[in-house]
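Protein chains: 2
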Amino acid sequence: MAAQQATSLHAVILAGGSGTRFWPLSREQAPKQMLKVFGPDSLLISALNRAEEVIGSEGKVHIVVGESLVDELHNHILSHQKWGSIPINYIIEPAAKNTAPALALAAAVVEVQDSPQATILMLPSDHLTENGSRWVETMTAAVEAAQDGSLVTVGLHPTAPETGFGYIQASIQSSSAAPEVERFVEKPNRETAAKYLAEGNYYWNSGMLVAQAGAILSELELAQRNHPYADAAAGNKDMVVTAKALAQNPADKSAIDTFIHLAKEPFDKAALELSARVRVVPTAFDWSDVGSLLALEALQEANEQGTRVMGQGVDVDSINTLNYSSGRLVATLGLTDTIVVDTEDATLVAAKDRAQDVRLIVDELQRRGAPETKHSQTSLRPWGSWTMLTRGIGYQVKEIEVLPGASLSLQRHQHRSEHWIVIEGTAQVEVDGRLHTVFPGQSTFIPVGALHRLSNDGDTLLRVTEVAVGDYLGEDDIERLDDKYDR
Amino acid sequence: MAAQQATSLHAVILAGGSGTRFWPLSREQAPKQMLKVFGPDSLLISALNRAEEVIGSEGKVHIVVGESLVDELHNHILSHQKWGSIPINYIIEPAAKNTAPALALAAAVVEVQDSPQATILMLPSDHLTENGSRWVETMTAAVEAAQDGSLVTVGLHPTAPETGFGYIQASIQSSSAAPEVERFVEKPNRETAAKYLAEGNYYWNSGMLVAQAGAILSELELAQRNHPYADAAAGNKDMVVTAKALAQNPADKSAIDTFIHLAKEPFDKAALELSARVRVVPTAFDWSDVGSLLALEALQEANEQGTRVMGQGVDVDSINTLNYSSGRLVATLGLTDTIVVDTEDATLVAAKDRAQDVRLIVDELQRRGAPETKHSQTSLRPWGSWTMLTRGIGYQVKEIEVLPGASLSLQRHQHRSEHWIVIEGTAQVEVDGRLHTVFPGQSTFIPVGALHRLSNDGDTLLRVTEVAVGDYLGEDDIERLDDKYDR
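So the protein lines, in turn, are chains A and B.
According to numbering that gives the first Met the number 0, the first sequence is numbered sequentially starting from 0.
According to numbering that gives the first Met the number 0, the second sequence is numbered sequentially starting from 0.
The hints are simulated quantities; they were obtained by calculation from the structure and are not laboratory data.
Among the clues, some could well be false.
The list cannot tell twin chains apart, which means a pair is met if one copy fits it or any two copies do.
What the hints assert, rightly or not - Taking lysine to aspartate or glutamate pairs in the EDC-like style, the calculated list, with each CA pair at most 20 Å apart, reads:
(1) K236 with E51
(2) K351 with D316
(3) K351 with D336
(4) K263 with E66
The structure presented is a predicted model; accordingly, all values stated were derived computationally and were not measured.
In isolation and in its complexed conformation, chain A is listed as follows (with noise of 0.2 Å):
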């Protein structure tokens, strides 16, 4: 199924997005892309497999992403049955800094793996879109009108006068796969886009681009170079010199540094906007960029009155409202174009032409030093997962999920002692060098200092209830002296 090109591919997938929009189903360890709500996959897993399908088993797959999300991430690629044994190169942003930075940083490392006639194909980790034939002819279509050097970015034919994309104009004079772009536009207003619907050579951008590693680099130098607003990005010309370091030597402090303090910029204001060598590769596959909550409503038909209910809820006499729940039992009544969506410990309510504005709720949490930001109630492990029950002073009460064969790291804390009641399974648990099997409804403890380690050695899932006391309590008092994921 993977293209055939002369030239060597590499998938770049951006997954340093920090999902406040998508709050409070995602949180900063556990954003939009980590997400499974759209299926049984994860969107940056559904991304993995669609970069797949095109660059095949011989091409390359990297993953940017920032320092303080890449061990989660990494645990969420574990985790899964295929992509947790596939060699994936993690590129370390020292900071968010939008998608120029990041993808210069991912072109300069391509380009010292490999040449800078390496095609990279650059793929957003958190939207929706369809696999199979049509998207694989779409990519290999880029790949292939990337090999003069252009830019080829990829744009989807719009079906209705939508205000909430970008729009790239394509060129009328060219009949070719890839016409070139005349110019990039911003989100337009409903007249402007229904314009452009009608007039058919405009098309929705869908932030991929396809380009060879050394035309991103010396468009992005040369658009710096001649940056018509030079204040505003003045830190940005060094990028380029910046990201050719950090691909030479991670730890080199002073591309740290200089890193840090580049201005946010996409890279289509950065490139794309001022380069002359951009074309776009036209289609029609299904697309979504899951820009709000309201993407959830693409999962379900509503009903008469315009409503849906998902999870464990119950609506009576709401209109053109959703009701999402992840678990917990929600009810709405009489409700107008409205949507609910609930976690198991944080709830959002809000009115459905306010969805693009959940970021408010999110800075306004972030202000007080709400947990509810950062963490998600379940996280997964390449073993299998745990989920908070209950933390309170002094003590916490966590559900482990080990999978089959697996097993966690040999480990101990300093600040807490732990009791493990097995629920469903056998564990095997090691404490101090001696090894116990624990039955269903048995227990063991784990004291202060114990060198520990819990396996299951069975065929079916072990699940065990941990109740932790301390007077300490964070993810971060574990000291892990072996362990089978080499984390």
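Dock chain B against chain A, hints included.
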């Protein structure tokens, strides 16, 4: 502070309310009267306190309640420092039949235990009422007025053209402190309510009643004999006879069966509207029937947009909205005229003008057999309380709080083992006759079938996490062999 009366005084607290209008705060097993949302005491305990101010320590307290609620209610009262040690007579209704059968039963019991001249103060358990001197003066006047055999109601001076209450029209011929009642009127429309407000001799019907036991029974009998709608309430001709039989012998099977088949009938309809001996004591104390979740708004001033955030909530740009949370994080954004009421296990979001229709949600949930209509996550016990943290197939996790000096019953389970991990305080644990002391961070194990008891001999709170594992985890798998609270 108690009223000095020649007659003996009996407070009859009607506590059979099902609390559907206050869901999700109220549940079948934790109805409105048991909630502590309006202050440190529940509405029921507040009603007991107010009753005592009138009847004094010589008076007797009766609580009318159904079989299905009496255990929870008893535990609730036993857990109160003062009322846990005051003798209360529980009158069990064989079925919930509204106030007429309940009051007939209570009057019959008082007549048997005391005399037909004994005076009853019938008080709802789920209203908010001012206490102190105005309250005592009003009720003392009502007691005096009842000594000629009258049925004495309590009417509130209306302060607004309220359409949610019934009204009592007082005679304008009388200059008595307790004028005769001309008629009762159902909830009026706004225009009519405004007229009542202007005329000055209309009062809100508080639902309280003061009358001698014999007068209640004889007026009920008289009214039922001459009942104008004999068909509708035909069965209720036996109401008084049945009540008297049950008062003599609460186990009388024939009487229980007759009671169960009575029509549901409020005392207003069954007697007051038909009796010629009804008076009203007008008063002006603060009162609310806590008729819907909107009563929560009385707890806090609104902001400039008319919005209130109570509990762990955050709001951005909502108008005339109530954001009420019992502990979880609730965020509201851009709402108008909306109420959000959040509890540990269920959330309600409703248009404000539908607050009266919450029972529609409860009806639907009951059809589905949803447990969230039956129990709340926390249950008071004479020894403290427990809170359900999580429940899954084959296990559940509770947090248990044991008051200083308190002790759970000596008990055993046939279907589950229990692990107790001490979080705070010191536990005394008895297992099959052996005594252990368990300190914070330590645990103990109770095998299936073992006789066990948990006690707190210390002088600080004991907090324990209980993990129960077994094939059946219902509250009825408990065999009590000894209980210091005689349950």
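Right, here's what the structure says about each hint:
| no. | hint | result |
| --- | --- | --- |
| 1 | K236 with E51 | neither (34 Å within a copy, 81 Å between copies) |
| 2 | K351 with D316 | both (17 Å within a copy, 13 Å between copies) |
| 3 | K351 with D336 | both (5 Å within a copy, 15 Å between copies) |
| 4 | K263 with E66 | within (17 Å within a copy, 67 Å between copies) |
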